[in-house]
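Numbered by numbering that gives the first Met the number 0, the letters in the sequence shown go through residues 0 to 535 in order.
Worth flagging that the hints you see were computed from the coordinates, not collected in a lab. This one's a predicted model, so the numbers in the text were calculated from it and none came from an experiment. Heads up, some of the hints might be wrong.
Simulated crosslink set (SDA-like; lysine to any residue; CA at most 20 Å straight-line) [unchecked claim]:
| hint | residue 1 | residue 2 |
| --- | --- | --- |
| 1 | K311 | R383 |
| 2 | K311 | D122 |
| 3 | K263 | R474 |
| 4 | K311 | G324 |
| 5 | K263 | H410 |
| 6 | K35 | R20 |
| 7 | K35 | G476 |
| 8 | K311 | V386 |
| 9 | K263 | A237 |
| 10 | K35 | R474 |
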Amino acid sequence: MEDLVIRDADVVDGSGADAYRADVVIDAGRIVSIVKEAAAAGCQRPRATREIDAEGLVLSPGFIDMHAHSDLALLRDPDHSAKAAQGVTLEVLGQDGLSYAPVDDRTLEEVRRAITGWNGYGDDIDFDWRSVGGYLDRLDRGIAVNAAYLIPQGTVRALVVGWEDRAATPAELDRMRRLVAEGLEQGAVGLSSGLTYTPGMYARDAELTELCRVVGSYGGYYCPHHRSYGAGALEAYAEMVALTREADCPLHLAHATMNFGVNKGRAPELLALLDRALQAGADITLDTYPYTPGCTTLAALLPSWASEGGPKEILARLTDPATAGRIRHDLEVTGSDGCHGVPVEWETIEISGVADPALGEYVGRTVREAADLRGEAPWDTARRLLVRDRLGTTILQHVGHEENVRAIMRHRAHTGGSDGILRGSKPHPRAYGTFPRYLGHYVRELGVLSLEECVAHLTSRPAARLRLPDRGLVREGYRADLVLFDPRTVAPGATFAEPRRLPTGIPYVLVDGRFVIEDGRRTDALPGRSVRRTPL
Numbered sequence: 000m001e002d003l004v005i006r007d008a009d010v011v012d013g014s015g016a017d018a019y020r021a022d023v024v025i026d027a028g029r030i031v032s033i034v035k036e037a038a039a040a041g042c043q044r045p046r047a048t049r050e051i052d053a054e055g056l057v058l059s060p061g062f063i064d065m066h067a068h069s070d071l072a073l074l075r076d077p078d079h080s081a082k083a084a085q086g087v088t089l090e091v092l093g094q095d096g097l098s099y100a101p102v103d104d105r106t107l108e109e110v111r112r113a114i115t116g117w118n119g120y121g122d123d124i125d126f127d128w129r130s131v132g133g134y135l136d137r138l139d140r141g142i143a144v145n146a147a148y149l150i151p152q153g154t155v156r157a158l159v160v161g162w163e164d165r166a167a168t169p170a171e172l173d174r175m176r177r178l179v180a181e182g183l184e185q186g187a188v189g190l191s192s193g194l195t196y197t198p199g200m201y202a203r204d205a206e207l208t209e210l211c212r213v214v215g216s217y218g219g220y221y222c223p224h225h226r227s228y229g230a231g232a233l234e235a236y237a238e239m240v241a242l243t244r245e246a247d248c249p250l251h252l253a254h255a256t257m258n259f260g261v262n263k264g265r266a267p268e269l270l271a272l273l274d275r276a277l278q279a280g281a282d283i284t285l286d287t288y289p290y291t292p293g294c295t296t297l298a299a300l301l302p303s304w305a306s307e308g309g310p311k312e313i314l315a316r317l318t319d320p321a322t323a324g325r326i327r328h329d330l331e332v333t334g335s336d337g338c339h340g341v342p343v344e345w346e347t348i349e350i351s352g353v354a355d356p357a358l359g360e361y362v363g364r365t366v367r368e369a370a371d372l373r374g375e376a377p378w379d380t381a382r383r384l385l386v387r388d389r390l391g392t393t394i395l396q397h398v399g400h401e402e403n404v405r406a407i408m409r410h411r412a413h414t415g416g417s418d419g420i421l422r423g424s425k426p427h428p429r430a431y432g433t434f435p436r437y438l439g440h441y442v443r444e445l446g447v448l449s450l451e452e453c454v455a456h457l458t459s460r461p462a463a464r465l466r467l468p469d470r471g472l473v474r475e476g477y478r479a480d481l482v483l484f485d486p487r488t489v490a491p492g493a494t495f496a497e498p499r500r501l502p503t504g505i506p507y508v509l510v511d512g513r514f515v516i517e518d519g520r521r522t523d524a525l526p527g528r529s530v531r532r533t534p535l
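Using the sequences and the hints, build the whole thing.
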């Protein structure tokens with residue numbers, strides 16, 4: 000007798016095809032049979048040790064979060080309800096060019112400091128790995144959901160070149176190529192970059208092209224946070240398309256938004272650019288989150304010259320009055336490259352989290368609001384926060400446009416990604432709400448996508464990009480990474496006011512055939528493991 004039968008589910012199988020009624024049988028972590036219209040046909044119903052009556056519920060493949068920042072959260076928080084409760088069964092880590100492998104002792108400390116705002120410093124983590132393979136092995140000890148890993152180009156550059164703004168030498172480039180190849184051989188699915196973050200932004204296109212050649216030769220993909228989402232955004236997208244075409248490497252555009260006032264209503268221009276490239280034979284996908292505000296660290300807004308040398312040098316420059324004045328001019332007048340070439344509007348920058356609890360009074364206020372309360376200029380408030388919080392401050396950036404969000408999510412290359420930072424007192428609700436928001440707000444309420452289309456965007460499309468042969472569809476023989484949700488009630492609980500509320504309407508989530516969400520509650524199961532690159 001099999002482990003489980005899910006009876007009378009409305010199966011939305013991830014292919015984009017119409018839903019159908021079926022009994023789905025699961026055994027040993029896989030889907031072993033699908034009996035369509037079993038009750039209506041009057042045939043013998045499959046039996047199992049456990050049965051779930053799925054009347055009124057949709058059964059779909061588990062959702063794949065193509066842009067996650069759970070690199071340490073998966074290790075420190077076995078519960079991980081932020082993602083499991085959304086129906087996420089696989090996350091892609093190592094994003095935006097900065098993560099924790101491959102490293103040596105020096106680089107690990109630098110990276111921990113640099114992305115404290117994303118993941119915390121990690122005092123509660125035993126960093127007992129240095130290689131990509133070692134990190135994946137650590138995940139294999141048991142996590143809530145599955146995880147794939149992108150080699151972070153900025154971390155590789157920090158390890159080999161350091162945090163200086165200069166071209167890599169031929170010997171350094173050779174070593175970076177070897178590190179990328181080793182990471183792919185150890186199971187990474189591709190390479191990420193953060194080209195508005197140091198030190199990854201210091202890489203010239205020729206350097207990135209050479210690394211992408213390695214990625215393409217292994218069947219991986221390149222996932223850049225490119226050089227601008229504001230002024231020059233279209234040029235930055237075109238740069239990544241041309242670079243990966245030259246390198247013969249698939250391209251996946253991270254959080255492919257068109258933000259800031261200069262890009263209002265310009266999503267069709269981006270989509271036309273991508274359509275021309277796709278028609279010419281390019282291999283391109285992208286991900287977005289279904290919200291307008293962005294989220295990053297306050298330090299990320301600084302100009303690249305002020306960030307050269309790493310966190311210690313940044314703090315030294317901020318404490319020097321003359322240098323701090325230059326930084327302010329770049330931010331407020333010129334338009335910092337860290338702020339995507341657009342002069343900062345302090346009223347759009349909301350403090351969402353601080354590393355130092357003593358600074359908690361700032362959370363939930365914009366920089367301008369906090370400055371007004373103190374009777375000072377916004378820059379003085381921002382500078383104080385950066386120094387006192389040791390660059391650990393996270394922000395929401397209210398610079399997006401709803402018409403752009405809707406247009407991009409309809410595109411044939413689109414997939415879903417939360418870009419969710421789980422730290423901070425008031426994180427972006429996308430960390431807890433991305434996938435139910437797609438299903439509830441954009442499918443049921445607005446009809447921007449049909450249910451079948453949306454599920455395909457969140458399941459089979461990302462599985463195809465990751466080259467996963469047995470995930471992303473409800474098919475016999477496929478892994479039982481599955482979600483049961485109520486299409487009438489599924490919705491995010493998370494709001495900007497209460498960003499950690501869990502979603503409604505998702506009573507069951509299975510990872511490898513084991514319940515991580517059962518009757519709407521998190522179980523103690525840790526069935527997730529690393530999902531490693533499928534060799535060519």
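**Contradicted hints - numbers only** = 3
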